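*Asks:* The chain contents come next:
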Amino acid sequence: MRVTVRVPAVLRADCGDQAALVFDLDGEATLAGLFSKIAVVYPRLERRIRDERGEIRRYVNVYINGTESRHCGGMKASLDEGAVVQIIPSVAGG
Amino acid sequence: MTDVALVIGTSKGLFLARSVDRRRWELTGPHLPIQEVYAVAIDTRTRKAGRPPRILVGASSSHFGPSVSTSDDLGATWEEPDAAPIAFDADTGAALERVWQLTPGPENRPDVVYAGVEPHALFRSEDGGRGFTLERGLWDHPHREKWMPGGGGGAVHTVLPDPVDTRRMVVAMSAGGVYITEDGGASWRPRNTGIRAPFLPDDQYPEFGQCVHKVARNPHRPDQFFAQNHHGVYRSDDGGRSWSSIADGLPADFGFPIVAHPRRAGVVYTFPLEADVRRWPPKGRAAVYRSEDAGVSWTACADGLPSQNCYVSVLRDAMWCDDADPAGVYVGTRSGAVFASPDEGESWVTVAEHLPGVLCVRAAVVE
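In order, the protein sequence lines correspond to chains A and B. Note that our numbering has the first sequence beginning at 1, numbered continuously upward. Note that our numbering has the second sequence beginning at 1, numbered continuously upward.
In short, the hints are calculated from the structure, not lab data. None of these values were measured; they are calculated from a predicted model. Where a beta carbon is used, it is the ideal one built from N, C-alpha and C, also for glycine. There could be a bad hint or two in this list.
To give an idea of the chain B side of the interface with chain A (calculated C-beta under 8 Å), a few residues [as the list claims (entries may be wrong)]:
no. : residue
1   : 50
2   : 62
3   : 310
Non-contacting residues of chain A with respect to chain B, defined by C-beta distances greater than 12 Å in every case (computed) [stated by the list, open to error]:
no. : residue
4   : 1
5   : 17
6   : 25
7   : 33
8   : 37
9   : 52
10  : 54
11  : 65
12  : 77
13  : 78
14  : 81
15  : 90
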C-alpha cells in the first residue's frame, strides 16, 4: 500500500529537503505504522512530529486525506491505498 | 587580552557574543531561531585535548519539541543527532518537555555531561552530550510523585557534580528541594533542613518540597553551597545537611539566580527582586549583590546598570561568572538586555538590548 506524506517547508531539512515522501506499507496500514516507518528512515523528522510516547505534539496537526487525524482515530486511524498524509504546524505562539 | 565567549539563551533563539576586553562585544544570532533556549553550557574540558570548548544547547520548539545541539567551533556550525538526544524510556510513560540544565561532569570524566529536565528527572551522557540516559535512581525516588511544579514547570534545574568525588552530586528542583547522592546516583536523599517553605500551610520546614530557585557550590569548598529560594537566601557548610539564612544585608530575599565565583572562595552573586508579588529590582534600580564572605555581608554592584525605572527580572540561569582573571559577571533580563562586568561586578557594560527574553547565559575564556 502506497502512502504519500506531505512535509512542510520548515521540516524538510529533516528529510533530505523533500516536500513529499512516499512509503510502501505492508498489511493493514495505520497512522502509527506509517510513523514507525518514518522513524526508521527519517528519525529526526518523526521526533519533530511525535514525542517518545508516540503522541503527536500539541502544536502539530496531521491530516489524513484532509481530515485531522485526532478526529479519525489518531494513531489507530487506517490508511487506504493512495492516502495523502499532510503535516501542518498549527498557527500558535507569540 | 582574553577572548571570552558569551552564550545567551533566549525565548526565541540563541545569541553569541565575543569580546577580548569584555567591554566591547560583537553579537551574532539568532542561532537556532524561534526555539526556547533554557539551557546552555560551555564545556571547557576540551582544552586539555587541544580542542576549542564545546557549546551545548538545550532548545525547545513550541511546535516540534525539545532537543540538544552542540557546536565544536564556537557556534559556526551546529550538530544535532538524528535520534532524540534525551528521551524517556517507554516504561516511564513520560515525555521530555524541556531541558533546563546542561552541566559538564567532573574534569576527570571529560565525556560525562548531565542534563536536568522537565518533568523532574536527571539524564547522563557518556559521549559529551550527544546522547543521554535516564538516571533511574532519582526517577524511582519515592518522593517524586510528591514533587510539585513551580511556576515555570516541574524540573531538575540545578545539577552540581562534585569536582573531586564522582560518586557525589547535588540536584535541585522547584518545588522539590535539594537532593544529594553519594553513591553515583543509585540513591538520593533530601537536604533541606533549615530552609523555610512559607507557602505551606502547616509544617513550614518539611523534609522536602521547598521551592529552591538555584544552588551554587563553592568551588574551593565542595561541601559549601549557596541557595536562592522562592523566599530566602541560604548557605550550607556541611554538604546540605543544614542551611542557615544569609539574607541579612540584602534588600530582599526573593530572586532566582545565585552564582559562586570560580576561584575566590566565598564570593557569591545574586540579583534580588523586591518580593514574590513584585518581581523587579527594589526601588526600580537594578543591582547585582556580591558577598565576599560567604553571605555574611553584601555589597550592591550597580555601576552601569539601569538606575531608575527598571522593572526587569533575572531568571535562575541568566547570571554567570566566566573563568577569566579577574572574573567577568553576566546578567540577562527577561526584557532582553544583557549586561557584563569585566571586573567582578565593580562596573557594568551593556552587551545587548532588545533581544527576546533572556533565559540563560554562560561565558568562558575560549582562547
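*Asks:* It remains to establish, for every hint, whether it holds in the given structure.
*Replies:* Consistency of the hints with the structure:
no.: 1; hint: 50; verdict: 31 Å, violated
no.: 2; hint: 62; verdict: 5 Å, holds
no.: 3; hint: 310; verdict: 24 Å, violated
no.: 4; hint: 1; verdict: 26 Å, holds
no.: 5; hint: 17; verdict: 15 Å, holds
no.: 6; hint: 25; verdict: 22 Å, holds
no.: 7; hint: 33; verdict: 17 Å, holds
no.: 8; hint: 37; verdict: 15 Å, holds
no.: 9; hint: 52; verdict: 4 Å, violated
no.: 10; hint: 54; verdict: 9 Å, violated
no.: 11; hint: 65; verdict: 23 Å, holds
no.: 12; hint: 77; verdict: 21 Å, holds
no.: 13; hint: 78; verdict: 24 Å, holds
no.: 14; hint: 81; verdict: 29 Å, holds
no.: 15; hint: 90; verdict: 7 Å, violated
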